[in-house]
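S.K.: Residues per chain, in single letters:
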Amino acid sequence: MAVGWVKRSAAHHAVSEIERVEKAVLETSRMQLHKLVEEALPELEMMIGWAESSDPLQTTPIFIRDAKSISKLTCGPLCSQNLTGYLVKPPALDSVPKDAKPIGICVKGCDSRSLVALIQEKFLTRDRVRIFGIPCRGTVDWRKVEKRVQLLNVKSATVEDDWLILDDSGTTHKIALEEVLSRKCLGCRYPNPVIHDVLIGQSATPRSTDLATTYRDVDAIEKEPLEQRLAFWQSELDRCIRCYACRNACPLCVCQDKCIVETREPRWLTQRAGIPEKFLFHFIHAMHLAGRCTGCGECERVCPMEIPVTLIKEKLNKIMEEMLGYAAGLDPDAVPPLLTFNPGETEI
Amino acid sequence: MKDLSPRSSAPADETAATTQGIKIVGFLCNWCSYGGADTAGVCRFKQPTDLRVVRIPCTGRMDPLFIAKSLIYGVDGVLVSGCHPRDCHYAVGNFYARRRMEALKAFLPFMGIDTQRFRYTWVSASEGQQWQKVVTEFSEQIHRLGPNPGLKQRSGDHSIPSIALR
Amino acid sequence: MAVKIFIATDRLDSVLEKLSTKIDLLIPASLKDDKSAPTGFVPFVPGTAPAFDRQTTTPLKKALLPQVETLLRFEYHKDPQGSPKSSVTVDDQRQVRPTLVFGARPCDVKALTTLDRVFSNGPYVDPYYVERRKNTLFATLVCRQNDAKCFCTSVGGGPADMEGSHLRIVPVDGGYVVEALSPEAQTLLENLADAPDSARDAQAGQIVEEALKRRVGELDTKGSPEAFRKRFDQTDYWFQMINQCLGCGVCTYVCPTCYCFTITDEVENLKGERLRSWDSCMFYHYTLEASGHNPRPTKLERYRNRVGHKFSYIPERYEGLLGCCGCGRCIRSCPVSIDIRQVVGHLKENTSE
Amino acid sequence: MRIGVFVCNCGTNIAGTVDTAKVASEALTFADVVYATNYMYTCSEPGQQEIQRAIGEHGLQGVVVAACSPRMHEPTFRRAVEKAGLNKYMFEMANIREHVSWIGNDKAANTAKAADLVRMAVAKLRFNQPLFSSKMPVNKRLLVIGGGVAGIQAALDCADGGMDVVMVERKQYIGGKMAQLDKTFPTIDCSSCILGPKMVDVSQKENITLYASSEIESISGYIGNFTVDIRKKATYVNWDACTGCGACMEKCPAKNTPDVFNENLGSARAINIPFPQAIPKKAVIDARHCRQLNGKKCGVCAKICPVKAIDFEMKDTIVTEKVGAIIAATGYDLFDHSVYGEYGAGRYPDVITGIQYERILSASGPYGGHIQRPSDGKEPKNIVFLACVGSRDASVGRPYCSGVCCMYIAKQAILTKDHLPESNSYVFYMDIRAPGKNYDEFVRRAQEEYGVQYIRGRVAKIYPRGDRMVVQGADTLLGVQVEVEADLVVLATGIESSAGAGELAEKLRISYDQYGFYMESHPKLRPVETNTAGVYLAGACQGPKDIPSSVAQGSAAASKVQSLFAHDTIETNPQVALVNERNCIACGKCIQVCPFGAIQWKELRGGIKKAEVLPTVCQGCGVCNATCPPKAVQLQHATDNQLLAEVNELCA
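Protein chains in written order, with my numbering: chain V, 2 to 349; chain P, 464 to 629; chain Z, 5 to 357; chain H, -14 to 637.
So that you can see chain V by itself, here it is in the shape it has in the complex (with noise of 0.2 angstroms):
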């Protein structure tokens, strides 16, 4: 699992220098967070953040309008949840006006690409967004703590230097970070916001820089043979409940609502519920998003069945990157490879 970091021992040994400090440097980032908010809050319309929740190991997102509220904001691995959906979807901002101030929002690395992606589809104009960037080292996926240690009630989470220390009922459960770090959190090369106004901590290191390292469980899917890989996709898609929650997590299932998986004006699917219907919901969530996808992971986050689905829209991310040169989010310029063509490409 630390693969990634024993190989690059340079790396790493600059990396733990930082860590040291880790545990001070979150409480400064958060100071800092809530200085450089309570700066900019009177030009802003209102402030998106993260903000504990009743569960120490996961955050919920907070929408700030009073100065009284940035107290609650707070950053770090446990801030897990892409905050840039908000921004284009209803009802959240249709109390605000189209001219008024811009709305103050947080990233790590992963969501700045969305909200790349999202200005790059005019969704959102940069001028509309202020941007506070937060370096990342990772985020913590609770359900992996929880296949760890048996949980009853946590009464804190923190995280000092590599560690994630938990108090649960009295009883301190020491947790190595890398271990609990979400998935997609392992192959990241983007863990700087790459759009940014402010940024806040200091910037952090990718954990790769390579599409092995970053499609490493790509590849292992592909390895098997192909009956394998059915029976696999069969048997995790079969846990599917159409709650729909992927799509709805996903900052570019823009068109949540009208989702032509629930329409009948046209009619993709039925109300079945056999491994079919599931398989082309996760089609049709995927083909929308190839080209698209920034990889943010959220649709496999909020996944209450655990089903590995943006492993799904990897698959297709690496497509794009090999076949193209594309990825997703970066360019806010640039156009999205499905939605242009280019005639010279003979042999795609």
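Bear in mind the hints are in silico, worked out from the structure with no lab data behind them.
Cβ atoms here follow ideal geometry from the backbone N, Cα and C, with glycine treated the same way.
Take the hints with a grain of salt, since some may be wrong.
Said to hold, decoys possible - On the chain Z side, residues computed to face chain V include the following (Cβ under 10 angstroms): (1) Leu196; (2) Phe243; (3) Leu250; (4) Val254; (5) Tyr257; (6) Thr266; (7) Ser281; (8) Ser284; (9) Met286; (10) His289; (11) Leu292; (12) Ser295; (13) Pro299; (14) Pro301; (15) Ile335; (16) Cys338.
Once you have looked at the hints, place chains P, Z and H on chain V.
M.R.: Chains P, Z and H only, in chain V's frame:
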């Protein structure tokens, strides 16, 4: 009309016995490949009978989801054919289609669907012989693969070994 | 004297196998080969390891209200002249086999009381539900460990609440003490295993005692129906509480008391079937009217309805019964950590403002 | 829906290998099919009447005909059902002839396939909606792009018919390649004598607006309503003032300006009127060679010009014209023979091209019509002509025949003999292609009357020996190697598409082949139409052509335009995309991908944006439909539900 077909390339009769149950859907653009299929017919170029053609205005109309839907729901093969690049009736429809279908082609096997069940090709309205070749080859390929196993696994089988991810 | 047996942990599989010859069994189990994977109630086949250590990810309700069920099949018949649909045959035959749910949790079983009120107590009796309900027995596990998201006693249940259960399963050292709570359950236990020794019997009794006393959750739902009505039009409140909601259907699909459904006819040529499938009030299409108008156009109205339904409309309609069993699944599964306890709890705060 | 199915026997064409009665009886078992029958010839008058009778008798709301290709008879049957009161789009065809009966002999398999195709057609028909055309006005002005002989012919025909014509020519003169020719085959007519009057006509017709030295900047709109931006390139001479007196040319000191009109055989001046009969007869300054424009002190022309027409500050300007139809007549270019290293790759001055030889032969050419060698001005004795230089040669990417070279070589050889009776002409050729009227006779005259020596074979090498060129080749008829010492070698360079043809095609939204020639709608039956309504083709832009064919096509295109302009309005095709505003999420992807610019933003009350299809611009390709994520854009008559219905029949 005189039968112009070269006798040697008439595999239909021999394969007819094995065509039972195999169904191939062909999405053909109205301007080129549908015309090419017509030309092949006019020239009496014999072809296997498994193909069922859906006429579409342009391969640009092809949402890859039509292909995915067909294969997921058990059609044995999908053949998409349109105008040659640069000959598109709508100038660029097939350029869009090419990228989208290439992406799908690379994607299908990841989900466990045999990419050999899907083929796209360019055949003009005058290329009757080429059409015969395409249909014959693709039909034979699907026959070699046999019926689409589809998503036969029963819902609720939890014994499938998973693949280790990070 | 109630019939009791002791099933040693290592004998569990064989006992269940024996039991499954008498009645179909549904047990909580992992939904893939990996033990830590999401769980749900699945038909028992020998070798399936029951997951008694934690609450299932998907709720028990699907045993009585499947996610999708065929209500009826129909076929049109044409005469040789092709007159359209000259006759139609309908097949609504149902086969419901007696089933025992082995290892349900008190909260899950408690939730069925809400479903019962809707489906069996009239004025519209749902034959599909009723038939399954009649043929389903529950062996309920006394809940020894709740987590931070459980709040069953806040909503009228409890970790040892056996209302609606036919058997009680008490996890003790080295196995389970299973006790019949109804006459039909007694016959099921016959010749299955020996009675527990006195030490284990006593331990079981002690565990039940303890569980009966345990308070789980601190939510106070008294006055919620009225508070909800006052809050109904306070958009700011709902914005503040649940603006982070994604509008997905996780909470409703994992909820053991949510029972909303949709009915569709799936027709192919002359044959068709009428399907009933779960629906979710969190979905746009749930209230979409044929005109195109949607009375609940955004997630604010939809989430408000979900809270109102569970904590105001149902209690007002059914003499204080709540549409919530306190299992905490919606909190556990919510992708953005919305805690329904907070939303309901805050209803009563400063309602005058 | 009450659906009727008509299965055509097509004599024995279908019934020979398909059990049509069985297909019909099977169709009766499909839902909604209330009537099904088979008929001998459904497309015949009685066959159509049978459909109309059944529509009335059985109250049919939709009709499926299983017969030949819809590309053949769909319009026939649509008219038939329309006459019986149905909307013509409540009709579907199953192709059981070209796609079934003619391609297999297994009757059982064919019958099953035919039944499947009928089932799919019925399934689609259930989702058909009546569609209605709308009418839109036609702007009766024509744009002709290219002022060669094809364009001139088209423009004059339309202008004679009373229509306004706008002609755009990128060179400073019209007349095209024909203006450079000396004589024309097979009649040896003087090219400028027969073209000249037509050019003068163009300049004198009041209803022709000529933009020379101009190019198409952009084109928007659609049939009946195009808007064209034309870039008038800076000529540095005010043409309104210029009288074409030529005084400037005489005094211009930039004497080393290449003479493009004379194919660089001589030199011109930086300010130039290329030939005496040029239309328009206006001077143009070549900015690359003008001393004044290159920072040197000069301005001689400005001083000399009696009407003060010189304007060194002139810039390109854009003018906008609105037209209802466009004829592309952009002509051709000649193959650049420098890729042939074995022929000297353009290094030898006495190895010239056919068009250069035309200029040499021309009395208004660089040598005043005297045949002489470019190198030393000597009269040549032995002249060798090479056919197929850049034609029928796949190795240089030109596998096609240029069609005119055999003829112009014969003409040039004949003219050579006329000019220089003592000379010897040799022609190396692959095959003689002379299929026109009096063409073959003409070639024979060259061989028999004029003693031109025709050698069948390719030339392997051309190299200098002393002041002569050695042409080495094979005579494949005699099977011997041949070597000719030539004073002058003429390469019959082939025809290739005009430079920039591709870019213009993209502006016109028409397709072009791999060689850059524009694609006609149908190679036989729609030779001057393109697949973009309102855009027509004339001349060599569509493929190599000689003058008679180009003129004929010019007239043909003009007649197409006139029949379009005979109507005040045109009916739109209702099989276009349509936005369901309720489902549109305003992502703009359809606008981004539409090849025709047919989708635009529309603002509803409250500033809500939605996509809107302009039905008159939409060509019905469906790229938007495939792209739209919520499928709010649906291509009428090929909607998702319609295609899914067809696919679903096969999934069962």
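S.K.: Decide, hint by hint, whether the structure agrees.
M.R.: Tested hints:
1. For Leu196/Z, the interface hint is violated, since its Cβ never comes within 10 angstroms of a Cβ in chain V; the closest pair sits about 30 angstroms apart.
2. A least Cβ separation of about 8 angstroms between Phe243/Z and chain V falls short of the 10 angstroms threshold, and the interface hint therefore holds.
3. Restraint check, Leu250/Z versus chain V: the minimum CB separation of about 4 angstroms is within 10 angstroms; hint holds.
4. This hint holds: Val254/Z has a C-beta 5 angstroms from the nearest C-beta of chain V, less than the 10 angstroms allowed.
5. Given hint, Tyr257/Z at the interface with chain V, holds; its Cβ is 5 angstroms from that chain's nearest Cβ, closer than 10 angstroms.
6. Contact between Thr266/Z and chain V, as hinted, is supported at the beta carbon level, the nearest pair being about 7 angstroms apart and thus within 10 angstroms.
7. A distance limit of 10 angstroms between C-beta atoms decides the matter here; for Ser281/Z the minimum to chain V is near 4 angstroms, and the interface restraint holds.
8. A cut of 10 angstroms between beta carbons decides the hint on Ser284/Z: the least distance to chain V is about 7 angstroms, and the hint holds.
9. Against a cut-off of 10 angstroms between C-beta atoms, the interface hint on Met286/Z holds, since the closest Cβ of chain V lies about 9 angstroms away.
10. Evaluation of the His289/Z hint against chain V yields a held restraint, the C-beta minimum of about 5 angstroms falling below 10 angstroms.
11. Checking Leu292/Z against chain V: minimum C-beta separation of about 8 angstroms stays under 10 angstroms; hint holds.
12. Look at Ser295/Z: its Cβ only gets to about 14 angstroms from chain V, farther than 10 angstroms, so that hint breaks.
13. Taking 10 angstroms as the C-beta contact cut-off toward chain V, the hint placing Pro299/Z at the interface is violated, the least distance being around 14 angstroms.
14. With a cut of 10 angstroms, the hint placing Pro301/Z at the interface with chain V holds, because the nearest CB-to-CB distance is about 8 angstroms.
15. Satisfaction of the interface hint for Ile335/Z is found here, the shortest Cβ-Cβ separation to chain V being roughly 7 angstroms, below the 10 angstroms cut-off.
16. For Cys338/Z, the interface hint holds, since its Cβ comes within 10 angstroms of a Cβ in chain V; the closest pair sits about 9 angstroms apart.
Checked against the numbered hints given earlier, the structure breaks hints 1, 12 and 13 and satisfies all the rest.
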